[in-house]
Every structure is written in C-alpha cells, then in structure tokens.
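Protein chains in written order, with my numbering: chain A, 1 to 434; chain B, 1 to 64.
The set of hints was computed from the structure by calculation and includes no laboratory data.
Predicted model, so just to flag it, every value in this text is computed and none were measured.
Do not rely on the hints blindly, as some may be mistaken.
Residues from chain A shown here face chain B by an in silico Cβ test under 8 Å; the list is partial [as the list claims (entries may be wrong)]:
1) M101
2) S104
3) R107
4) V115
5) F378
Computed spacing ranges between beta-carbons, pair by pair [what the hints assert, rightly or not]:
6) G230(A) - D62(B): 49 to 57 Å
7) G255(A) - D6(B): 26 to 34 Å
8) I59(A) - P40(B): 50 to 58 Å
Just so you know, even glycine gets a beta-carbon here, dropped at the ideal spot from N, CA and C.
In case you want the letters, here they are:
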Amino acid sequence: MAISDDEVTTERERALAAARDYNPYDVEFLEHEFETYDLMREHCPIARSSQAGGPMGAIEPWVITSYGPSTEFLQDAALFSSQTQSYPLRPWIPQAIDPPMHTSYRRIMNPWFTVDALRPLDGHLEDFAAELVDAMVANDRFDFIAGFADPFPTKIFCELAGFPPEDYERIMDWKNILMHCNDGHGRGRELAGALARELGHDLPDDGLLPPDAELAIRAEVGQRIYLYLGELLAVRRSERRDDMVSRLLDAEVDGRPLTQEELEDTLFLFFMAGLDTVASALGLIVEGFARDAQKRREFIELMEDEARLGPAIEELVRVHAIVLLPRRVTQDAEFNGAEFAENDMVLCPTMAANRDADEFESPHEIDFDRSPNRHLGFGLGPHRCIGIHLARRELKIALQAFHRACPDYTLDPDAEVERFGGMKGLASLPLVKG
Amino acid sequence: MRVRLDTERCQGHGQCVMSAPETFSFDDQGFAVLGDGEVPAGLETQVLAAVDRCPERAISADKG
C-alpha cells in the first residue's frame with residue numbers, strides 16, 4: 001500500500017474489511033452496528049461480503065448501506081428477484097414470489113389488511129394490551145418481552161389468522177427454531193440444538209450450529225409446520241370461521257381456488273411474518289426508552305395526541321428497523337457503480353438505509369416530528385409489508401397502554417438484556433419500575 | 001395547484017392519506033386514490049406534505 005499514512009485509505013480499508021466480515025447474525029456485531037454501517041456507507045455503500053448463512057441464506061451477498069440505491073433496489077423486482085431459494089422446503093407466498101404472480105396473491109390478502117378492515121379491531125387491541133400490562137406491572141421487576149412484547153402481537157395475529165390459542169407455545173417454539181437457531185437467541189439455540197441431536201447430529205454445547213445440522217433442523221421443523229397447517233386447513237375446510245385460514249380457502253387466484261400447496265405456503269409466511277416483527281420492534285423501542293428517560297418523557301407527552309403519535313411511531317420504526325431484505329440478481333447488471341452478476345445475492349439492511357445522513361438529517365437522533373420521513377422500516381416496492389397498518393395500530397396501542405401504566409422504568413441492573421441478531425430483536429428485556 | 005399520483009409506483013404506505021385526507025383516500029386494496037387532481041385553495045400545504053412524505057415518490061405536484 002503506497003500511501004500508508006493516508007487516513008482516508010486506512011478508513012476505506014477498515015470499511016472494506018467490515019463489509020467482507022459482515023455478519024449481522026453475530027450478536028457482537030450489534031455492539032457497533034451503526035458505526036459499522038456508517039463506515040461502510042461512507043467508503044463502500046455497495047460492498048461484497050464473504051460471509052454466508054443465517055436464516056435468509058444469502059451466500060457472499062452484496063450489502064447496500066446507502067438510502068438511494070436501497071430504494072432503487074427494493075422497487076426493481078425485475079432485476080432483483082425474491083425467489084432466493086433459501087426457504088425451508090418450499091418458498092413462502094407471496095414473499096418469495098415475483099410479480100406478476102405476486103400481484104395476484106397480494107390482491108387476495110390486501111383487503112384484509114387495510115385501515116378500514118382493521119379499524120373494528122381497535123377495541124380488542126386496547127383491552128388485550130391493558131390486560132397484559134396490568135398483569136405485568138403488578139410486579140416491580142418484570143421482563144417486558146415475556147410479559148408483553150411477545151404475547152401481544154403474536155396472540156393477536158394467531159386470532160386473526162385462525163391459529164388456535166392453545167397452540168401458542170408450540171407455534172412460538174417452531175418459530176424460534178426456524179428464525180433464531182443461530183443468532184444469539186437462547187431459547188431458539190437450545191430448542192434447535194435438542195432437535196439436531198434428536199436427528200443424530202453431534203453438536204458442540206454452545207456456539208453455532210454446524211451448517212448441515214442447521215439445514216436438517218430447518219427441514220424437519222418446516223415439515224412439522226406444513227403438517228400442522230395441513231391439519232388446520234382440513235379442520236377449516238369442514239367448518240369455516242371468521243379468520244384468514246377460512247378466507248384463504250374461499251379465495252381465488254386468477255379465477256381458480258388456491259391449491260393445497262399454495263394454501264400451506266401462504267399460511268407458512270403468515271406464521272413467520274406475524275410472529276416476530278412487532279414483538280422485536282416493541283422490545284427495541286422500550287429498551288431505547290429505558291436507556292433514555294428524556295426521550296421517553298418526550299414520547300409520553302405527545303402520545304395522547306393522535307396527530308403527533310402517527311409521525312412519532314414512524315420515527316421509532318425508522319430508528320429501530322429490524323428487517324434485512326435479501327434478493328437474487330436476475331441478470332448481469334451495473335448497479336450504482338457495482339458489477340452484479342446473475343444469481344448474486346444482495347442484502348438491504350433497512351436499518352442502514354434508515355440512518356443515511358443524505359436522506360435523514362441527524363440520522364442517529366430521534367426526532368418525533370421528523371418530516372418527511374421516508375424510512376424503509378416497512379420495506380418498499382411491491383413487497384412492502386402487508387401488515388403495515390396492523391403494525392402501526394399495534395405499536396401505538398401497545399406503547400400507550402404500557403406508558404400509561406408504567407411511565408417510569410429503567411433496565412434491571414441485576415439482569416441481562418438478551419439480544420439476537422439478523423432480523424434482530426430482544427429475547428428478554430428485564431426492567432425495574434421507578 | 002394540480003397533483004398527480006403514479007398508481008404504478010404507489011404501494012399503499014398511506015402517508016398521503018395521513019397527510020392530506022381530503023385529497024387522498026384508499027381503495028379496497030389499500031392503494032391511494034386521488035380525485036380530479038385539482039387542489040382547492042387552503043389544502044396546498046397538506047398536499048405538498050403528501051408529495052414529500054411518499055416513500056415510493058409516487059406523487060408530484062405543479063403550481064399553476
């Protein structure tokens with residue numbers, strides 16, 4: 001290296017090394033997550049990683065950390081396919097399907113998730129949130145994840161979808177194995193390890209599951225979930241209810257009913273997408289408020305004002321974005337200076353784009369009145385989160401209910417926050433009142 | 001002022017309906033709907049906010 005004293009060169013080398021070693025599933029990465037994204041964005045906003053793996057299965061992906069190219073990437077479904085071949089057994093509908101078929105599937109489900117369709121749910125959301133909060137804050141110390149962030153959105157989603165409430169524990173365990181076997185999530189790792197041994201794999205007591213064991217448990221759990229969904233469909237086939245399983249049975253795509261495989265693949269996605277996302281966002285938001293009492297007070301002051309609450313929720317989703325979006329390149333192409341080859345994988349960590357100073361002034365600051373706030377926390381383009389309005393309502397109602405009952409809290413000094421990477425979030429958030 | 005909505009780009013984030021509810025509404029699929037595009041006096045600020053806030057950049061306005 002000729003210019004060894006050139007600081008910019010050194011910084012650039014650090015950035016390229018960070019991109020090469022990029023592994024968002026590693027909990028240690030999260031300790032310096034935003035500094036790393038800032039460094040990569042400044043020196044190599046589209047960079048090649050040499051890492052493989054994680055539940056999204058992107059092998060040696062390109063990583064986009066700047067906002068503008070991220071929006072182009074997510075809006076261009078022709079160049080960037082969602083058929084990434086990293087699903088257990090079969091791709092999920094409509095997440096892993098490209099337009100035009102994707103559009104046909106979304107047309108079935110879009111009406112179930114509109115603002116008008118969800119409005120009648122508000123009273124139920126409010127009652128359930130208050131009930132969970134009351135039980136949780138009856139104690140001075142509590143785990144916000146076990147007491148609220150996990151059960152609130154998850155049980156609501158199970159009700160909407162039509163998964164029987166008595167199956168909640170089983171459903172959460174399957175989800176934890178499938179989504180969190182290798183990302184620092186204690187319960188996910190423990191369950192996945194036990195299952196891998198059951199399937200005859202030798203494992204270290206801790207550390208990562210070997211790739212062959214991970215593949216085996218993902219296939220096994222995938223199969224169990226498909227079996228479960230098949231049985232649920234059979235039950236609803238003989239007797240419809242007011243839920244999404246029943247509505248899917250009566251739905252048509254391009255003038256014909258959905259096949260058994262299409263029904264199962266759609267419900268599989270519901271299963272995964274409805275269980276983790278709002279829970280993770282809630283955990284990270286409340287953790288942030290536990291660490292920053294000033295911001296928490298600011299939020300509590302505005303939260304009864306619907307006109308200010310909407311933008312405040314958007315800002316919290318921007319700052320605490322959790323989603324990594326993978327795509328497969330469909331043909332050789334030059335993209336914002338990078339040379340993509342057909343079948344290359346590309347990852348868009350929305351948390352990186354959401355902190356690009358070229359789009360968001362003082363990107364690391366929470367500004368509850370930020371406008372415009374064109375964040376990517378709900379994705380962008382044809383695969384935009386179908387549950388966007390449900391998520392917004394749940395976040396509003398949850399944060400109101402919790403802070404009405406418990407306006408003052410801190411992290412429990414005697415317990416650890418348990419964090420997981422990838423589609424990141426918290427497995428536990430021990431808090432103390434006061 | 002006139003406003004235009006590119007329905008090919010709209011993905012139903014709903015920012016326009018929240019910003020300018022008298023100008024934008026949702027269809028039964030959850031995508032934005034715009035009337036004749038004429039913005040009555042007094043609503044310009046709201047509509048410009050909707051233009052600004054659309055994450056898909058699906059809305060544009062011109063004065064005159």
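task: Verify the interface restraint on F378(A): the C-beta must sit less than 8 Å from at least one C-beta of chain B.
output: 7 Å, holds
message: Quick check on a hinted range of 49 to 57 Å for G230(A) and D62(B), using CB atoms only.
response: Because 55 Å falls inside the window, the suggested range holds.
- prompt: Would the hint on R107(A) stand, with a C-beta cut-off of 8 Å toward chain B?
  reply: 7 Å, holds
query: With 8 Å as the cut and Cβ atoms as the points, is V115(A) at the interface with chain B?
result: 6 Å, holds
task: Look at the Cβ atoms of I59(A) and P40(B) and judge whether their distance stays inside 50 to 58 Å.
output: Holds: the Cβ-Cβ distance is about 54 Å, inside 50 to 58 Å.
field: Residue hint M101(A), partner chain B, criterion CB-CB below 8 Å
entry: At about 16 Å, which exceeds the 8 Å cut-off, the nearest Cβ of chain B leaves the hint on M101(A) violated.
message: Please check whether G255(A) and D6(B) have a Cβ separation lying inside 26 to 34 Å.
response: For G255(A) and D6(B) the Cβ distance comes to about 28 Å; the hint holds.
field: chain B contact restraint on S104(A) - CB to CB distance below 8 Å
entry: Violated. Min distance 12 Å.
When the structure is compared with the earlier hints, violations turn up for hints 1 and 2 and for no others.
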